[in-house]
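Colleague: Residues per chain, in single letters:
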Amino acid sequence: MFHGPGGGLSREVERAGDFRATLRRLLQYLRPYAGHLVASLLLVLVNTVLTVAAPGLIGQAVDLLWGFVSGDVEAARALSGLNRNMLLLLGAYAGGWAAIMGSFYVMVTMGQNVLYNLRSQIFGKIQELSLGFFDQHEAGDLMSRLTNDTDVINQVLTMGLNRFFSSALTLVGILLAMLALNWRLALVSFSVLPIMVLSTVFFSGRARRAFRLTRKTIGGVSAELEENIAGVKVAQAFSREQVNVESFRQVSAANRDANVTAESITAAFAPTLDVLATVGVAIVVGFGGYLVLNNLATVGIIVAFVQYVRRFFEPVRAISMIWANLQSAIAGAERIFELLDTPPAIVDAANAVELPTIEGRIAFEDVCFEYNPGERVLEDVDLVAEPGQTVALVGPTGTGKTTVINLIGRFYDVCGGRVTVDGHDVREVSHASLRRQMGIVLQDTFLFSGTVMENIRYGRLGASDEEVVEAAKLANAHDFITRLPQGYHTELTEQASNLSQGQRQLISIARAVLARPRILIMDEATSSVDTRTELLIQSGLQELLQGRTSFVIAHRLSTIRDADQVIFIQDGRIAERGTHEELLAQQGLYHDLYVSQFRTEVEAEPVECEKV
Amino acid sequence: MRPFTESRSGRQSEGRAGRRGGARGTPLLRALGFLSGYRWEAGGAFTSLLLSTAGSLVVPRLTQIVIDQGISAVSMNVIVWGAMGIVAAAVVSAVFSYLQGYLAAKASQGVAYDLRNALYTHIQSLSFGYHDRAQTGQLITRATSDVELVRMFISTGLVQLVSALLMMTGSLILLFGTNWQLTLMTLPVMVLVLIVFAFFAGKGRPLFIQVQQKLGRLNTILQENLAGIRVVKAFAREPWEKERFGGVNLEFRDANVRVGRMFALVMPLIFTLANLGTLIVVWGGGYQVLAGRLTIGELVAFQSYLMMTMFPIVMLGMIIMAVSQAGAGAQRIFEILDAVVEVTDRPGARELSPIEGRVEFENVTFRYFSEQEPVLKEVSFVAEPGESVALFGATGSGKSTIINLIPRFYDVSEGRVTVDGHDVRDVTLQSLRRQIGIVLQETTLFGGTVRENIAYGRPDASEEEIIAAAKTAEADDFISSFAEGYDTPVGERGVTLSGGQKQRIAIARALLIDPRILILDDSTSSVDIETELRIQKALENLRRGRTSFIIAQRISTVQRADKVVVLDGGRVVAQGTHEELLRDSPIYAEIYCSQLQDDRELLPAVGAVARTEAGQEVS
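In order, the protein sequences belong to chains Y and X.
Numbered per our numbering, the first sequence spans residues 254 to 865.
Numbered per our numbering, the second sequence spans residues 9 to 627.
Nothing false has been slipped in among the hints.
Under the rule of at most 27 Å between Cα atoms (straight-line distance), these lysine-lysine pairs were calculated in the DSSO-like manner: (1) X/K385 <-> Y/K486; (2) X/K479 <-> Y/K486; (3) X/K571 <-> X/K385; (4) X/K479 <-> X/K545; (5) X/K571 <-> X/K545; (6) X/K250 <-> Y/K378.
If you are wondering where the hints come from, they were derived from the structure by calculation, not from laboratory data.
Computed from a predicted model, the values in this text were never measured in an experiment.
Okay, chain Y solo, but in the shape it has when bound (with noise of 0.2 Å):
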């Protein structure tokens, strides 16, 4: 919102070789539809072919009048005549008809599933991408990618080609029949050709560049779109309305004012072109009058090139405005490309293995990382938590607990060491067969629109709904949802606000719970829970937990005491670590910390508990 528009991804430099690349690339995914194509062409051709009979029909048809008129022809003739051409006429209509219709249908078949491909393969490229890479790309010029970039491609696909080949039909045609009528008058009459094509050269790449900038200046305003309609209560909470409209003003301004620079080139372009096939009309009249005058031409061959050339230079400006249109499909699929070339930071090794059903043993050797090159997050990072036991990661805010739990799933990549599950580093084993045995909570409760059975069944989409529910009470939950409208069927949102921030940790206790994993990770999940439900819940993963690892982020003392093993972490180190009251023993940073929660805690002494 702050930043200026754009994304990251884009960098502005530009290779000679570039929009070829680009352009070659774009038409790969053609190929499997060649068989489209080529049906396209033919029908195309076979529209052409009629559209250029139909006038010769009429034209029989206007002789045979005037044959009768002139008394060379019979009534009966010219009338039989008449009728024969007009059906033919009708019938070239017709099939005219049909086979533009048919070749329509084709491409508009084969730009649609070329699309749905290019989407497709977005979404699974950002599927691909590890969250690294999220951390530095706005949500909304991805998205804009995907819908705003393909959509420019759509335009080319769809009517573009078809354009494109029933106009060079056209040109090909009208250009033989030019050199046979008078080769002369049609050399000369070509001479505007080279100076189309240069300035279509001249304007296409100014109307890429401005286009470039269309594109991502779209991107900036779906990017700002995005993020202020997702925070859109806090702008509420703080009365900013009138400062975020102006900002949006500023980027949506930014796109207006590119989009007008990239269509003023365009709307330069075709007049030119215009003008050069009116200059094109004047050559064929002024060096057409003197070939007349010097007996090389006739009057009637001049009528003939002055339609010709008009029809001529049709085709050619059709031509030149798909090329032009091609420039803005070309910036949209380089932003599309660009992401698709994006290499995943964590990828499957090549020989990665299954990881078979865990023990849950996991073990830090001497792990070190960083998120940016050279600002050490965690260092000299060594634990091990055998299968079954809880570990709790304690410490100050920003010290690096998060991190630690990212690394056993492996969503981000060590800088050193390494990081095992059952002995296997985890770079060495699929991400999938690792991540299907944790069960995660994580620190921002992320619910997904749809139903609340439909949330808690994210995390094992087999589960029954029996099961669902079995979760949903272990969790704790289950009181609650049944008390919403529709229970489980209760439709939830991104910022649905009918669940307090508790209830949706209870949903997301609930989702990782039915993924039955063999680890558990619960990153401040029960933050916003109250006490007395939080002591409910951990009775009930008591049962589940017995034999399967799990790792806890908390402050509260009341979720860590019961850890195998607590570990104290400051500044990405391990500072200390042992049992609770191993470390209440020995009187360090953890016992600092906690003595002054329960001191507040007890301050209010007088009241004697045990009454109650």
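Once you have looked at the hints, place chain X on chain Y.
Modeller: Just chain X, lined up with the frame of chain Y:
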């Protein structure tokens, strides 16, 4: 879709709003109303179109002159001048053609800009109740894709439509003048064209609406996928997400194909109808010639006029799609613009002057949905100026709902909330919310730097003020530890902050507006206990003279409050000071003791230490 079709009380069902026409007019016409701000550009574009058309019409005439008077009369002079005249006419035509394109771009982009701003402004002002049901992806689709549909129509379709209709009328008059019998013969074709046009323009809209709806779904899945990418990855649900997306992607493709196929049917159909006109003229004219009622010259002349008539008809074929597409977009845009802002300044709402900070709930009952069980039932309590009030209760007991009513994010269903005796519904939202600093449960930070995020509520705050707020929120230390300090970018493209760090920035953000009423909704849940204590201490100074509301799970936080309101199932079951409640409220005492006693059993040694230390502090 649901958020938009499921109407809440007062909002009318919008699905067919546009169809009814009525006082508001069709959505497309309403969208065209936005053109009034660009009437000069639009008028200029139209005039330029006429002039450039006129210019290009001169060219054939000049060509004819060159042939008749130059070549036939063997005059090189006429040929040269004629040729130059042709080029001159072309240049004039080109200049106006460029102007037309440029002005149309200005006007249409201007309208798109205004529409988008209107949407954004409205979305910003729609109340929490609306956003609880709306999907971000849907809203984004409307502000981008739907606006673009309307824009495309204005930029090319509209001018073409008007000029096509004008040209049709003009040439029809010419046709009648030439030969009215033949004209009558072609009339059915034209009527047919108009019927086809009207039919498909109407039929196209639902198809386009479907396309846009699917696009909205697609965007929603994508947007949620991006927002929840951590959850997706945590559960290794990428294949499932791909499948989910794939399903809607397929539906989107099919909706597009349906539209494309209709297009494949209609455009050639109209083209063929135009050709049919030619056929009728030649055929019918031929009979007339054979009957001796028409000369061939007349037939040929009529035929060329007819071509002039058919050209705009063919153009209409192309415009149909643009019309129904734009209609679909406009309808979806106005669905949002027409959504009623439920919480808004009532007419004559007064500015709330600087307040003392007395907040009172009088018999407040509240439901999120009108059909639902109330979330709050007859809640009454008072917070005196300067008092700190802790809201205490189990998960889902209504704590957050109560504090959502103070800045009037929602309107109460029954009863009233007053600030310094003013019903919050009687004062302007701005003047109310500007005096309230709130830290919401879910910490949302925005892209931009730490500084900009803290200054979110007061963009003009000075450096010292920002740092002071950060210090109070115990955020200064970690912010200063970043290489770029307060200029460190955060949010989607910034550094990875821990939950506790985000919360502290959010607290600083609330403190910076120097509110009379401070609301902390579970805002230190992810902060370690030591830091929280320091924040509490700092806040205690700040709280002096401010009314504050605190929701917290930690009993230590709660017991420091001047007053505790205990909630259970949406009702106030007890209120008073910590001591009073321990004595009088079994629920409170139970929760308190469960926490405390547990800890004490666990911490016998520490307990002793703490007690002595506490003793020392007191003495």
